[in-house]
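Trainee: Just so you know, the protein sequences line up as chains G and L, in that order. Quick note: the first sequence, position 133, residue 377 per the numbering used here, numbers continuous. Quick note: the second sequence, position 144, residue 146 per the numbering used here, numbers continuous.
By construction, these hints were calculated from the structure, which means they are not laboratory data. Do not take every clue at face value.
As the list claims (entries may be wrong) - Across the chosen pairs, the derived CB separations fall in these ranges: (1) L:131 x G:402: 37 to 45 Å; (2) L:15 x G:407: 45 to 53 Å; (3) G:370 x L:15: 21 to 29 Å.
Said to hold, decoys possible - Far from chain G, by Cβ distances over 12 Å, these chain L residues were calculated: (4) 43; (5) 148; (6) 207.
Note that the Cβ used here is the ideal one computed from N, Cα and C, for glycine as well.
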Amino acid sequence: MKRLWPLLLLPALLLPELALDPFRGGAPADLHHWLGTDALGRDALLRLLLASARAAGFASLCATAALALAWLLALSGASARSALSALRAAPALLWLIPLAALSGGLERPVLAPLIALLLAPHLEAPLRVKAEALRRSPAWAVTRIQGATGPRRLIAWAPWAAREASSLFPSAWLGALWTEVTLSALGLGPGPQTDTFGRLLMEDLPKLATGATSAWAALFAVLALAWGLSFPEPAP
Amino acid sequence: MSRALPGLAVWVAALALAWLLPGHLWHAARPAPFPLEALGPASLALGLMAALPPLLVYFAGPSLARRRSLSALEAPPDLAWALLLLALWPAAAGPPGWTAWTAALLAASLPSEARWLASALPPESPFPQAWGAQAARASRRRSLARLLPRWLAARLPLWLTASLVVERVFGLPGLGSDWMARVIARDHRGLALWILAFALLWIAARPLEREAA
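Extracted from the complex, chain L is given alone in its bound form (with noise of 0.2 Å):
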């Protein structure tokens, strides 16, 4: 507990940050409502985000982590997907949505997710390689089953820094671009609950943090 005690003051110093946010408005500007409606289409992103990687990387294995096209994957910024997506959406299908901004994050995601996965994965060689296909399986399983809610916890506000671009490209208004809108309508209490869930992830991914030392 102790060892966790800089951090949570941390924590503490950027609620209270949130909550003694400077300035003020020179109108009066009522808290934007929470975006409900983006709700569903996150669920649904982050549902995918939650399988997509951990399948891809249960059946290519830890070796995944070493593709080169992987990384080329990975290396153009969220921004650049969005913008690709904007480009080349059909005019005929109307202005992109929400199908558009899941397609976009996964987009922007996945590479990283899944080499992140596959570098977190035991090495696999020369056991339970040896003992056959159905061991390293088994093997992937476990480990992966171990990481997925620590990876989840650690994950969650890159996807969340993701969506908040993508969601400006779309000019769609979702949970990223509400963090963004409660800063500058100076919302107080919307700020101080999101660095609390930001903090609870924190908390829920510090034994990841722990095994890797």
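Only chain G is shown next, with the shape it has when bound in the complex (with noise of 0.2 Å):
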């Protein structure tokens, strides 16, 4: 349970931007402002902490619906085992960046729908292998015998299911993270008017060679967002 704590940062999502105050732009690091002011006047280290808690609450947000639908694929018939290696046939962001560059930049209530669909094909691999283990085990007949219906059954493997995706938990949430970091980096994320991580890392990480402050913070909450959930999975 312990992998799950970017859940913890959902309520992030619901927080306002930082209020603008271009006369103060770019002040030095003092007692106020740790990290000093960026240039459109607000708090560096703000700004960083409530960009990366947003980042992550939005890739906790995705990697959740994600893995819904992939229980939901992977509980579905063989018809459409197919399709779905198509989807998986190119990442995430292969697909989402032209959508985005057509669109001219995806806001975050149409860009978490998008990585969950495109992030469940991949996930669903993994569970449908755990699913047809299930099915094949005494433990999934025995319901059977006892005369559980398929509605029944589904709820009383639930906690199960909830186990088996917690699993995978930290490899979407590292996924949706970085797609939509890079999708905002890249100038394709939300608007000018959301402050997003991808945008904050393309202004602060080039400053890494003048030794600013900033950049090292920002280099530091990446590594962090990246181990923060103590690795992914090593491979069996």
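Dock chain one against chain two, each of which comes alone in its own frame, and use the hints as you go.
Mentor: Okay, structure coming up:
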């Protein structure tokens, strides 16, 4: 369960944007602003914390939706498997970039279901292997012999399904996180009225060469998010 | 063949979508010329990507898939590697070009590719490990030779995505940017060709999925 901590950051999506104060832009670090202010006068530390928490919350939302969808696909029949394999042939970002370029950027309410839809086929395959193993097990047969109907059996096995899905949560979360961050860094994410972690990275990381503190803080945030789930699950 | 039909239908739908791409540009835009100058660096990067992970896996074995250090290198995104290289690029070396692009692409992709290959290898314990190191290496060599073509077919779209991100960070016109430029210019024919290439890669990678099942 400790791997599900990003779900706690879901409420960060509801936090308001920081107020702009261009006349105080580019201020150096002091006691009030530990990392100084950005070009638009926002506190750099607060901006970094807010943007990374929002990105993590957004990724949690997408990963949860993708895992729920992947379970539905894994439990459905074999007829669509080759279609899912075709959808898996290219990473989500390769489909999202032209789509975002066509529509001039994708706002979060549109981006979330799209990421979930494109990630679900990638998560379906490992979940299907687990579902098929369960279907062949005596435990599943016993519930059928005891007369449980389809929906009742699904409800009875829901905790098991959630546990199995949670083992895939870190990879789903990282996939959703970096998809959104990369898209917004390329200027194809939400519009300028919404601050994003990707945009912040694009502004701050190149400043590493100058030794700017905010750049090191941004790099630390990337590594903390990347390694925050104690690394992706190693393959068996 | 009938099993592949829904998948083929997805590719036909994607082709139709590329051909009937909606929207009109307010100005006449000529399709961007194919970035021929990117073919050289792309071939070099492809050669390195095709050679380095199998070599690494050949020497390290399937246990490489469980190394946490490899997972740690794999976790940061392509974007972070590209931006890091951009920041640390020495000013005296001029603007980062195809050398930096190749380095960033390799840094971003090698760990995941090595893990992908290592986790696809059959276990070596107790056999062929019990027969000695030579037998284990021979087994690895045979498995890798069988995996290589299908691994390349399955992973090429992923490399193209990584390439696109790195190209955008360095401002280089490459194969990944070509895909995006054709969407923006509504180049139906060019996009359809790209989709056709992806579909062919999918067909080439299909046998791998059958084996996994």
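Trainee: The structure should be examined with respect to each hint, and the outcome stated for every one.
Mentor: Taking the hints in turn, this is what the structure says about them:
The beta-carbon spacing between residue 131 of chain L and residue 402 of chain G, approximately 41 Å, falls within the hinted interval of 37 to 45 Å. Distance hint for residue 15 of chain L and residue 407 of chain G: a CB-CB separation of about 36 Å, inconsistent with the stated range 45 to 53 Å. With their beta carbons about 26 Å apart, residue 370 of chain G and residue 15 of chain L fall inside the hinted range of 21 to 29 Å. With a cut of 12 Å on Cβ distances, residue 43 of chain L stays outside the contact zone with chain G, its closest approach being about 20 Å.
No beta-carbon of chain G comes within 12 Å of the beta-carbon of residue 148 of chain L; the shortest separation is about 18 Å. At roughly 7 Å from the closest C-beta of chain G, the C-beta of residue 207 of chain L falls inside 12 Å, breaking its exclusion from the interface.
Going through the hint list in order, the structure does not satisfy hints 2 and 6.
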